[in-house]
Amino acid sequence: MLARGDLLEARFPILAKWLLAPTVAKFVIEAPLVARKHRAGNFVIIRINDTGERIPLTVVESDSAGGTITLIVQAVGKTTKALCAMEAGQAIRDVVGPLGNPTPIERVGAVACVGGGVGTAELLPIARALREAGNDVHTIIGARTGELVILEDEMRACSSSVTVTTDDGSYGRRGLVTDALSALLAEHPEITVVYAIGPLVMMKAVTGLVEPLGRKSVVSLNTIMVDGTGMCGGCRVTVNGEMKFACVDGPEFEGSGVDFDELIARNRTYVDLERIADERAACQLTTAQGAAR
Amino acid sequence: MKKSSNLLRPAERLKIPRQRASEQAPEERNHNFLEVSFGFDEARALVEASRCLECKDPACIKGCPVNINIRGFVERVVEQDYLGAINTIREANALPGICGRVCPQESQCEIMCSLGKKYTPIAIGKLERFLADYEIRHDLFRLPDVIERHDEKVAIVGSGPSGLTCAAELAKRGYGVTIFEALHAPGGVLRYGIPEFRLPRDILDLEIDRVKALGVEIVTNFVVGRTATIDELFGEWGFSSIYLATGAGTPHFMGIPGESLSGVYSANEFLSRVNLMKAYQFPEYDTPIKIGRQVAVIGGGNTAMDAVRTALRLGAETAYLIYRRSRDEMPARHEEIHHAEEEGVQFVLLTNPTRILADDRNWVRGIECQRMALGEPDASGRRKPVPMPGSEFVLEVQTVIEAIGQSPNPIIQATTPGLEVSKRGTVVTDEKKETSRVAIFAGGDLARGGATVILAMRDGKVAAESIAQFLGAKRGAAGNGDAAPEAAPAGV
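Read top to bottom, the protein sequences are chains D and U. For what it's worth, numbering that gives the first Met the number 0 labels the leading residue of the first sequence as 0, then goes sequentially. For what it's worth, numbering that gives the first Met the number 0 labels the leading residue of the second sequence as 0, then goes sequentially.
Derived from the structure by calculation, the hints contain no laboratory data. Do not rely on the hints blindly, as some may be mistaken.
Selected chain D positions facing chain U (Cβ under 7 Å, derived; list incomplete) [claimed, not checked]:
#1 46
#2 65
#3 225
#4 231
#5 233
#6 263
#7 264
#8 268
#9 270
#10 276
#11 279
#12 282
Positions of the beta carbon are idealized from the N, C-alpha and C atoms, including for glycine.
With these hints in hand, go ahead and build the complete structure from the sequences.
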């Protein structure tokens, strides 16, 4: 337990950082209160500095004794690029959580875990928890190209089988995760639930594949979000015809009820502004580097 | 009785018109986020205060939810004893710079003013703001003496007006107080909801700093119910009592088709992006916001006014305010309605949206509405709007902001066993703000469902008094060798 005084003006130091792929970084961050309470499926909202935006990130691992959480981040926009450029010894301005509902972990027999891109990181704690609960876990990791495949060893440690697919065939099987999943489900008819985390189009395709086969899909939705506690409603999604807030009602939902097309369109709301922010940041970086020389 | 310091005879006082504060010109201010009203200067404050008839039984005080000695402070202004005046306010109100700006005075203290019957009431709100500004400008704020210190610690959940008030009152009584705030910055609705043009952030920061100066700790980034539960705050964290003041943060949506389109916001999201995250300074700040050339805001309350005026400031060419009743039924403060009209907001009254229309990129392109007529009075006493069949029309807009109300955030209710919650999701309390659980008190919008800053503050005051009584009784019982009431079990 922290002395209460330590919480005032708390910062969240980065204790360690690794690159898992050229654009994917893993951080161990000191956040003892989050670490104590974290369960698989929870996320945090972070803000890297005083002018930063609030972004949700799934907690990959936690060490409650050590007071740390692990986040894995892919550099895609301004904030994630800036975060990925941070190093051990620096501190994140704000970390709040754990938020969202933890994944309900039950012993159902055999399950499939399908991770796309950095979604594999979000899937890892769930795969581990499912395995610990006594399930037979079959994992599929998908990535655009071989160097973006992450956490293969960690997934092997908690899975009965791991299949890797890449879009370009540079590593593992060439093709999409759904191709590998079709084969897996044919080979293992005992699989009843498929957990899929990755890009929305992937989760939509997985849901479209498994539902007609009588299997259940569980997806974790990444949405627009400001506060992460149910205040803004930016994360609203239509599930079985009803409006749900991903931050407090989710982030996981059964895939069959989710209106993916609506969410895919909604998530594009800020694409042009995000590009402006990103280009501006890149431009400032170039200027700063120029000045440093 | 002390002789009045006002040298004017009553008849002379009646001849003085109500003073007006100067304001930024509407066509200028609707493009910036600077404060609209400049407030009274000293000369105007003195003239305004001298209008007070010094009633023997001042009704204004009864109209004030926190019972500020209004007559007393106005008299101090006449005497030019500004320190005495602000301290008179501070006895009853820890946040005068905020209340002087955002209170609906016209329906509280000022409506009770004797002058209002035949003339115009004293501008009590503007005088309060003048004193709060004067206190800052002349650095007059001094910490009150705390007579007695107590060992018990009180946790307050939420750093909005109710939580801050309760914290200040308990700190003044010598209790250790920690406020837990879910967001990264304190202030609650004062921070994320009320725009800077109504409540400048330096004023808000200063008022919060003063509460902290009383010894109150504010822990941000802490979601009670998630980061720690209420029962953990009692147990391992060692708090003796808890005040719940988490407000009404869950936005309502109308439930019409098209609400998931890009370009549709809850007022909470829209205002949080601008106020809390400073999206109006994008890309200096990272949080984006998109505003159409034409914007429609739905609702008639203060939040709707804040949203529609913010939309203009973000560059909207046309900002519509769509409200299903008439202007007279609008719950917003008169001053905000007036300011919105001055700034060019187009009021579309007796109108209700029926669906939001999409373009081929899933963005808002318009809003279909229906005309309404006023029927018989409903449960609220206001005439019920009834749709007029066949009256549908479309307003071309690219942004829609829904400001139709909020309900309490359910996280604490869901994670606190034994806490009685109403069907509307509000926490049930008695008049002393005590909940169904011993040692837990609640107030503000969490208990009311959606009211004003000042009513939230009153609840905070009442709860502080009740908490002090509760802890005092517990101490007394312990001192007598009786078993002290335990915090944890429900219904004892």
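Q) How about residue 279(D): closest beta carbon in chain U under 7 Å, or not? A) Nearest chain U Cβ about 5 Å off; hint holds.
Q. Once the shortest beta carbon distance from residue 65(D) to chain U is found, is it less than 7 Å?
A. 18 Å, violated
Q) Per the CB criterion, is residue 263(D) less than 7 Å away from chain U? A) With a closest approach of 9 Å, the residue 263(D) hint is violated.
(Q) residue 268(D) was flagged as interface toward chain U. Is the shortest Cβ-Cβ separation under 7 Å? (A) Hint holds; residue 268(D) Cβ to chain U Cβ min 4 Å, cut 7 Å.
(Q) Using the nearest Cβ pair, does residue 276(D) come within less than 7 Å of chain U? (A) Where the cut-off is 7 Å and the nearest Cβ of chain U is about 5 Å from residue 276(D), the hint holds.
(Q) Quick check on residue 270(D) please, does its C-beta sit within 7 Å of some C-beta on chain U? (A) 10 Å, violated
Q: Answer holds if the nearest beta-carbon of chain U is closer than 7 Å to that of residue 46(D); otherwise answer violated.
A: 6 Å, holds
Q.
Quick check on residue 233(D) please, does its C-beta sit within 7 Å of some C-beta on chain U?
A. For residue 233(D), the interface hint holds, since the closest Cβ of chain U sits about 5 Å away, which is under 7 Å.
Q.
Is the interface hint satisfied for residue 282(D)? The criterion is a beta-carbon contact with chain U at less than 7 Å.
A. 11 Å, violated
Q) How about residue 225(D): closest beta carbon in chain U under 7 Å, or not? A) 5 Å, holds
Q: Verify the interface restraint on residue 231(D): the C-beta must sit less than 7 Å from at least one C-beta of chain U.
A: 4 Å, holds
Q: Using 7 Å as the Cβ threshold, decide whether residue 264(D) counts as touching chain U.
A: Since chain U brings a Cβ to about 4 Å from residue 264(D), closer than 7 Å, the hint holds.
Of the numbered hints given earlier, the model fails hints 2, 6, 9 and 12; all others are met.
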